[in-house]
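Participant: This is what each chain is made of:
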Amino acid sequence: MNQLLGQAWIPEGVDLFRFSPELTLVATIVLVLAVPMIMGRSARLVGGIVMLGIAAAGWLTWRVAAEVSGQGVAGMSPDPASAMLLVDNLSCFFKLILFFFAACVTGMWWMGSSASERNAPEFFVLLLGTALGMALMVGTLNMLLIVIAIELASLPSYAIVAFEKRDRAAAEVSLKYAIFGAISAAIMLYGISLLYGLYQSLSFVEVADGIATDLATGRNGVIIAVALLCFFCGIGFKISAVPFHFWCPDAFQGARIEVTTWLSVVSKAAGLILLMRLVHALAAAAGAEMISALAPLAWGIGILAMLTCTVGNLSAYMQTSVKRMLAYSSIAHAGYMLMVVAILAVPGSVGAASAVSALLVYISIYLFMNLGAFGVVALVYWHTGSDSINAFSGLIRRAPWLAIPMLCCLMSLVGLPPFAGFMGKFWILYALAEQGDAASWLYWTLFVVAVLNTLISLYYYMRVVVKMMLADDGQESVRAPAAGTIMVNLCGLLLIAMLIWAQPIKHFADRFSTNLYSAPVLTVDVGTIDQTTAHP
Amino acid sequence: MAAWILTITIFSPLGGALWLLLGESADAGRVRRAALVSSLVTSFLVLVALIMFYADSNAATDGSFCLEHKSAWLTETEDAVGTIDVSYHVGIDGISIWLLVLTGFLSPLAIWASFSGIKERAREYYIWMLVLQTGMLGVFCAMDLLLFYIFFEFTLVPLYFLIGVWGGKQRREAANKFFIYTLAGSVLTFAAVLYLAYFAYGKTGVFTLDIQALTELGRGGLIPYGIQWWLFAGFAAGFSIKVPLFPVHTWLPLAHTEAPTAGSVILAGVLLKLGTYGFTRLSLPILPDAAIAFAPFMATLAVIGVIYGALAAWVQDDVKKLVAYSSVSHLGFCMLGLFSLKMAGVTGAVLYMVNHGLSTGALFLLVGMIYERYHTRDINKIGGLAKPMPWLAFFLVFFTASSIGLPGLNGFVSEFMVLLGAATSSGTADGIKAGPLGFAYVVPAATGIVLGAVYMLWMCQRVLFGPLIEPPNTPDSSAGLTSDLTRREISILAPIAVVCLAIGVYPKPMIETMQPVIAKSVLQPLPDHSIEEGQEHFAEHPETERAMRRLGLETTTTDATSTNAASAHPRSTGRIEGLYAEGRLPG
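Quick mapping for you: the protein sequence lines, in order, are chains A and B. Everything in the first sequence is counted per the numbering used here, starting at 1 for the first residue and increasing by one. Everything in the second sequence is counted per the numbering used here, starting at 537 for the first residue and increasing by one.
Each hint should be verified, as a subset may be incorrect.
Computed footprint of chain B on chain A; a stretch qualifies when at least three of its residues, placed anywhere within it, have a C-beta under 8 Å from a C-beta of chain B [unchecked claim]: (1) 207–218; (2) 444–455; (3) 459–468; (4) 500–508.
Hints in this document: simulated from the structure, not taken from any laboratory. Note that the coordinates shown come from a computational prediction; the quantities given were computed from them, not determined experimentally. Backbone N, C-alpha and C fix where the C-beta goes; we use that ideal spot for every residue, glycine too.
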């Protein structure tokens, strides 16, 4: 730390290249603020700059992904032993997803809000700010940077949720969200400070080593447990795991629909990947002989996962706002994804590779299900001004090309074949079964809970389907912009295509789930660290 | 061609549905004609598949699969996640071909029968009908468990809408109940499917969902009984609801009553068979020990279903509900036959699936035709219809006779074989492991036949004979209906009647193709040492032998090729053939 603060330090060129997607985001933020000063605050202009910036960032990520595909790389630090940023397959995967999704959300904004938008630069500064935070979140094991990344992802979210300044409801949920976020950040900082106090290091890899040594010798058990619990509370807030989920439905309902779409997928995915990385680092440091010492961690995450998906699904039952219902559904889906993270808490577990890959497959599929579902909600909302379930009544007559993709997305969210959501569940269950046979009955419990939750979730998704297909109270037909209709229909088609071509999706995820950066061993190259531990 | 015919057949209705979806024709007449043409094309393809099946001498005589097509889907060879064998694998054998034919036969008739009844949202209706057809064809062709499951679930959504949109007054409730019941069972089945595949992974190093591979695993005795028990329970959860077996049948009467006519026909004719087919294809072969252990339990439920369904049908005033309850009763017979675990019983059960589809499907069609004219299904409000509607009376009596098992019509053959199988269940005369059933199950089930005759005939009498009773302002001829059946309606019913008669008189071709499959890949052959016991059983019970011979049951294999193969390897190429070749069983 002294080096970083005391002396001037200039990173290597290759480091900068690996960091270029994030730098592009920063540059885009600057442009979004600067260009309107010169050329006027045209919303379309700002949207165009954002699109270009995102495209550039996505292209650079692809280049970086090709460069690091064989190994995890750590860098951006004067002290190679405590790297600040990691660039590996996993972080590249997430950034690709992130930028693709950012482009989709910008597209939604373009269709729905750009015409009436007065504060486009501010909106995109906030949106890209959260994107930057998430991109950093998945690419670090340094506890200081974790805090910064989570805060960078959260603080603009509080503001962007309340972007309609005159909307009292939005202001209320923003305040709720901010208070929740502040408290969980405080708890997380407390946990991190305990860990720092114990092991005098900010690098979670070193901390994990210390924890492993302590657990082996039986020291500091309680304090480690408290510290990790606090630490994971902060991340639990990000992924809205039960019982840290109370902000989520309110924020999702109060925010603009494109913001809700944005938060529902990537903010959770970023939290999950961060959690996965931390758990993986812990397990890698502990080694295979420490399975029983880490069992409470596995159980903790497992129970959290079960609670999250069950509570999420049960709470979605009686919702009258489809947006709010989808918010609860996103909590439930975070629960499914959390299940596979529990697998990684077992050191040297057989199911680890399947688990990471299943999570990535699920995120890829979940992205399209949610994009399609929120897209239809948005298109209906822009026309009718309501996101209540009654606005969907008779949609099959009023707008068949919105009702059909909505049907596909909702059935896919349930996990019914022939939609890709089924494949996502299949791989999660596959990973759980693989682990269940090898490790403890926790995973079979998770397996059964996941299966039963599918059934619970059917009911509330069906309520919307019933409204769309079976009810009709004679509302006028919905006129939707052609681009939006095409986009949601593409999502629906993709969901079928992703079931038929399940193999390429799986290979895509496999490619990005191998060679995870884990405990580093230094080589002579400054900044480049070999991948030595077995990939999960 | 041979490799692609099934794929083309399965997805041809989906193509038709897309055609309807994208064609913007609002004219209901053109839409329904297009749907009919599409389903007729599918029927033609099914016929081609049938001919190709017969052309394949192996498949038609020794029970192997044919027209197979396998292409990698989730297949992985030794990468990070291990070896996975989950593929798009379709094929047919002597059992599934008949259910495929049944589907291909009933679907166009059901679509044709909807011409006068469906007036609203016609395009959508026919789209769902065609989508449903793809799901059904797929289930019967799937040779991969995941594919099977996907098609199995794929039938849910279309039928949900068929009931929910075009059904009767309580359609929402019926549709929801149907959906939730079925999905509740099938998610448990899915858990069992995944566990089974995972178990195979542990045993063979391949995470496989290939039905043949799993069957080998099960028949090879590689799955411990404790695991079989749980897997059987998981499979049974999904399949029993679909059948529906006695305590979980409550969704069926409601769904049947509320569904539009074509929906009921397809539901009774084909969809209920997905459950029994699942038992035949998966539970019995893959989990043989658990099947024996569960058989008394399942058979008891089946017999309760037979009696209960019959008694419930007796007291119905709604004709459609009466037929629905008769389905519960009949499917009980089917399950009884399956769990006799005997050649005769299982053959009878498979035949029963087809026969029930034909006769109950036709009865639902008739009820629909009455309803379209009189707008009521209440037995008390209609009567004496034989006079104004002689054609209707003829067909109603005909299909009633077929349904209650009048000798000479199709129902009789299968009913008799089921009871025979249950009665001889404990014997080993056919070279099959002894089953646990016996006369204790036959007697109450046979009572069910008597009850069946009572309620069906009583219904016929009240609807058709006696003084003419018609609700006011009927018959309604607004949809171009005449007072008796129209030519369209007669041409829908006549083919079914012909097939019913044909199966009743000469079921042998079907039985001949089914039995090798059942011997080869459904039932468990005797362990070697009990062959002698089987001979003793024949000696002690000559009547069994005679009865079986009368039904053509002993003609499992008579052609030269398989006899040669069997004499070369009397133990390894299937014990049944071996026994016949050695002359130990009468040939």
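Participant: Each hint needs a verdict: does it hold in this structure or not?
Facilitator: Quick rundown of the hints versus the structure:
1. Coverage of the region 207–218 of chain A by chain B is violated. Counting CB-CB distances below 8 Å, 0 residues qualify, and the rule asks for three or more.
2. With 6 residues having a beta carbon nearer than 8 Å to a beta carbon of chain B, the region 444–455 of chain A meets the requirement of three or more and the stated coverage holds.
3. For the region 459–468 of chain A, the proposed coverage by chain B is satisfied: 3 residues have a C-beta within less than 8 Å of a C-beta in that chain, meeting the threshold of three.
4. Only when three residues or more bring their CB closer than 8 Å to a CB of chain B does the claim for the region 500–508 of chain A stand; here the count is 3, and the claim holds.
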